[in-house]
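Taking my numbering, the leading residue of the sequence shown gets 1, the next gets one more, and so forth.
Hints may contain errors.
[Unchecked claim] Straight-line distance between alpha carbons at most 20 Å, and here's what the computed DMTMM-like set of lysine to aspartate or glutamate pairs gives:
| id | residue 1 | residue 2 |
| --- | --- | --- |
| 1 | Lys160 | Asp150 |
| 2 | Lys160 | Asp62 |
| 3 | Lys160 | Asp63 |
| 4 | Lys105 | Glu67 |
| 5 | Lys127 | Glu60 |
| 6 | Lys105 | Asp95 |
| 7 | Lys105 | Glu18 |
| 8 | Lys160 | Glu60 |
Hint data in this document are derived by calculation from the structure and do not stem from the laboratory.
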Amino acid sequence: MSTFGPRNVSDSITTMTEYVLPTHANALGNVFGGQILAWIDLCAAICAQRHAGRLAVTAEFDDVSFEAPIQVGQVVLLRARVTAAFRTSVEILVDVEGEDAPSGKRWRCAHAFVTFVAMQEVDGTLKPAPVPSLVCETEEDRALAAEANDRRTQRLARRKRRDAQRSLG
Numbered sequence: 001m002s003t004f005g006p007r008n009v010s011d012s013i014t015t016m017t018e019y020v021l022p023t024h025a026n027a028l029g030n031v032f033g034g035q036i037l038a039w040i041d042l043c044a045a046i047c048a049q050r051h052a053g054r055l056a057v058t059a060e061f062d063d064v065s066f067e068a069p070i071q072v073g074q075v076v077l078l079r080a081r082v083t084a085a086f087r088t089s090v091e092i093l094v095d096v097e098g099e100d101a102p103s104g105k106r107w108r109c110a111h112a113f114v115t116f117v118a119m120q121e122v123d124g125t126l127k128p129a130p131v132p133s134l135v136c137e138t139e140e141d142r143a144l145a146a147e148a149n150d151r152r153t154q155r156l157a158r159r160k161r162r163d164a165q166r167s168l169g
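Model the full structure from these sequences, guided by the hints.
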């Protein structure tokens, strides 16, 4: 059990704002998908570490969806929240919006679920560490937690199948 008490979803909500520069974009002026993934990973990492109260590392990306482009000169808004806490891992939902700053117009651009594992040093080696439980404050929190449990079951089943295939050679 973690030495930290339960944490509310609202305790670790993380937001980031990025301005899209030409170095972030392809020849069409759209942000590279890989750049959006990097921003998602950073935002999710901060959220995971706030919840865990310790270092957390990316374990898996799930259900990544790119829905609309973001252009050079526009703004990227990211919002991360914990959807579930397990023994040593947390699942984070990151929603990404684009914004035309002069007009204030916003649109949904992407989302992803990212799993992080909390880490602690033991005898000079990083090992998985317990995370605080999650207090779901709203019906939406509870629905996301239930969906997260389903995704976790699917992730573990995929991992078991991969491990079985690898052992067959």
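Going through the hints against the structure:
1. Lys160 to Asp150: holds (15 Å)
2. Lys160 to Asp62: holds (16 Å)
3. Lys160 to Asp63: Holds, at about 19 Å.
4. Lys105 to Glu67: The hint holds at about 16 Å.
5. Lys127 to Glu60: Since the Cα atoms of Lys127 and Glu60 sit roughly 17 Å apart, the hinted pair holds (cutoff 20 Å).
6. Lys105 to Asp95: holds (16 Å)
7. Lys105 to Glu18: Holds: Lys105 and Glu18 sit about 16 Å apart, inside 20 Å.
8. Lys160 to Glu60: Cα-Cα ~15 Å, so holds.
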